[in-house]
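Construct the entire structure; sequences and hints are all you get.
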Amino acid sequence: MILIKRKAPGQISSLQVIALFGSGLIGKAIEHAIIRDQPQSLHSLSFDWFDPRLRSGDAKQLKEAIIGTAAQSGNISQIDVVWAAGKAGFGATAEELAAEMHPFEDVVELSEALAALVPNAKHRFHYMSSAGGLYEGQRFVERGAEPRPRRPYGEAKLIQENRVTGMQPEIVTMIYRLSSAYGFSGPNGRVGLISALIANAVKHSTSQIFGAADTLRDYVLSKDVGDFVADRINEIADQSQVNILASGKPSSMHEILDTVARVTGRRLYYQQSLSPSNAGHITFLRSALPRTWRPTDLETGIRQVARQLSSSFALGDASRPL
Amino acid sequence: MLCGPVVSISVVVPVYSGEDYLLELVAQLDEVRKDWETSCAPMRIKEAILVDDAAIDGSSILIDELAAKYNWVSSLHLMRNFGQHSATVAGVLHTSGDWVLTMDEDLQHPPKDIVTMLRRAAQTSADIIYAKPKSGVHQALTRDFASRMFKRAMVLLTGNKNVSSFNSFRLIRGSLARAASSICGHDTYFDVALSWFTNRVECVPLQLTDQRYVQSKKSGYSFTRLLSHARRMLMSSQVKIIRLCSLLGLVVAGFSALGSIWLMMQKLLHPETIVVSGWASLMLVSLFFGGLIAFMIGIALEYLGALVLVAHGKPIFFVVDRTIDAKLANYFATGST
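One line per chain: the protein sequences are C and P, in this order. Following the numbering used here, the numbering of the first sequence begins with 50 at its first residue and continues without gaps. Following the numbering used here, the numbering of the second sequence begins with 604 at its first residue and continues without gaps.
Incorrect hints may have been included.
Said to hold, decoys possible - Negatives, chain C to chain P, calculated, CB over 10 Å:
1) ARG188
2) ALA262
3) SER322
To be verified - Between beta-carbon pairs, the in silico distance windows are:
4) TRP98/C - SER728/P: 51 to 57 Å
5) ARG828/P - ARG311/C: 23 to 29 Å
6) ARG311/C - PHE748/P: 39 to 45 Å
7) PHE259/C - THR727/P: 52 to 58 Å
8) ALA671/P - THR349/C: 36 to 42 Å
9) ASN802/P - GLN290/C: 49 to 55 Å
10) LEU94/C - MET682/P: 42 to 48 Å
11) ARG340/C - SER831/P: 52 to 58 Å
12) GLY607/P - GLN60/C: 52 to 58 Å
13) ASP346/C - LEU830/P: 53 to 59 Å
14) ALA860/P - PHE259/C: 55 to 61 Å
15) SER831/P - ALA310/C: 26 to 32 Å
16) GLN290/C - LYS754/P: 49 to 55 Å
17) GLU640/P - LEU166/C: 49 to 55 Å
As the list claims (entries may be wrong) - Residues from chain P shown here face chain C by an in silico Cβ test under 7 Å; the list is partial:
18) LYS649
19) HIS789
20) LEU887
Derived by calculation from the structure, the hints in this document are not laboratory data. Quantities reported herein were computed from a predicted structural model and do not represent experimental measurements. Every residue gets a Cβ at the ideal spot worked out from N, C-alpha and C, and that includes glycine.
The structure is reproduced here in structure tokens:
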């Protein structure tokens, strides 16, 4: 996890502390967006994912670091805890997801403990949820639409959301329901559909596609999510909120394949699996999206990712398995 | 009221100068929506996407106001004026309905007729339903005659019989509409792209009137725009005339070869019958090579045409699921209006 200390937004002498959990596609995008905004000090601290005993020690160390900062500087006006972690994917089993609940619960408890230890500061908890998991199989999802998860992944996200909304009232909770995120997360990052298609197009490899050609999904660029979350961290919001971060533009698999082929200038080789479990549409009405949310259009996003991936290949990372 | 799962319809309206019509258009769409909802019909207008193609009047602001008023209306603003086809394609790519309905902004296409088009789609399992004007849309003999002649000429040149049915009031199967839109390039004619995917095309005769033209005698189509349409239509199609020209070249080359043989025989057997020497052989040589060159250019153009179609993204195959039609077919079979 990463601990960021910086001048609090709109304040002259007080500090804002941001504890960011997660260094995947979204975690990295949030980190980049935060550190781009203004000067800050940044510390990487360990937070063990598997061993509860080690994790407890890590949490203690983190609390001490924050309290130490408060003692040193005398004034922390804002503490933001951001949860963008998670190893399990869309198709994860209930057992795999159960294992993820423990670190999540520990971070929620850490945030609550910090609220008690630094009562003068404003506390906020930012939680990255999954619109795809919550609304799978639903089209024209409106603002305030009822989540109806279809698989353990979505159910786990809903449980975690409920845990977040049930946090102490002095903690402002910000929930972000993301549709399918794509982007470049560095040479060793997790690879989503679009990045895999681009990489395979460049390497003339075959991609495995799950779902039918007309299956509709909604894709968001991780950078847009990072910018939006960083903006929420920067502003002095004191109202809990739930935001759907989707593009509002449904894209069929056919469109994605065509766009990637056009952008890369290569033929795509792919094997299609008509797995019925992955054929549900997920689309969102534009009126469901936050007013200040400005998603990048799909083709521009794919071009950006293709360029970043090309640079990554140029640096000798082309042999990395996808 | 819970009515069970429904067939969803997305409406796409390209907007260029619709300030005077949009309020009424959306109100009429809302009326149809509510009618279907209250009667528990198995279909719903789930969204209407108004695409601002750099409108020249106050439509741009108006569509934002409409999007704020109705949560099922979305506004989309194009950076500059890309033309009606591009705006339609942009709108279609933002839809997620089982069916996509495209219509003009100026009430030329009455929303109440959507049900008629749906009925035809359900009864015939067609993938595209075009509205076919029962009488002249412009109520002006020359204008309507020119429109008909243009379509006939295009049918002749492209060899695509569907061209005569092309109309911007169309109901398209959602998966097909999005797939065709996603491959539409700069010079691809949207309806031609649709015909690459399906030949299940039906027409419904409807009473359509271009109110704007009738009232102001101003048409959105100038002669230059018509030429541009023709060019794009020909660019997207395998032009039939190329094949005819190459065939003609082959025939000419064949006849000139036969003529050469005949002339040679005449020279050998009856040389006294040739009064002027050199003229006939020169003509035959010219015709032979002219025909041969025309034929070879025809072949080259055929190859080029095939490459253009690949560049345009003409699919080798496309999978379709028409099972949702049964719900509508049952509904209409029971006599619902």
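A quick look at each hint next to the structure:
| no. | hint | verdict |
| --- | --- | --- |
| 1 | ARG188 | 5 Å, violated |
| 2 | ALA262 | 6 Å, violated |
| 3 | SER322 | 13 Å, holds |
| 4 | TRP98/C - SER728/P: 51 to 57 Å | 53 Å, holds |
| 5 | ARG828/P - ARG311/C: 23 to 29 Å | 27 Å, holds |
| 6 | ARG311/C - PHE748/P: 39 to 45 Å | 41 Å, holds |
| 7 | PHE259/C - THR727/P: 52 to 58 Å | 33 Å, violated |
| 8 | ALA671/P - THR349/C: 36 to 42 Å | 26 Å, violated |
| 9 | ASN802/P - GLN290/C: 49 to 55 Å | 50 Å, holds |
| 10 | LEU94/C - MET682/P: 42 to 48 Å | 45 Å, holds |
| 11 | ARG340/C - SER831/P: 52 to 58 Å | 38 Å, violated |
| 12 | GLY607/P - GLN60/C: 52 to 58 Å | 55 Å, holds |
| 13 | ASP346/C - LEU830/P: 53 to 59 Å | 31 Å, violated |
| 14 | ALA860/P - PHE259/C: 55 to 61 Å | 59 Å, holds |
| 15 | SER831/P - ALA310/C: 26 to 32 Å | 28 Å, holds |
| 16 | GLN290/C - LYS754/P: 49 to 55 Å | 54 Å, holds |
| 17 | GLU640/P - LEU166/C: 49 to 55 Å | 53 Å, holds |
| 18 | LYS649 | 5 Å, holds |
| 19 | HIS789 | 12 Å, violated |
| 20 | LEU887 | 48 Å, violated |
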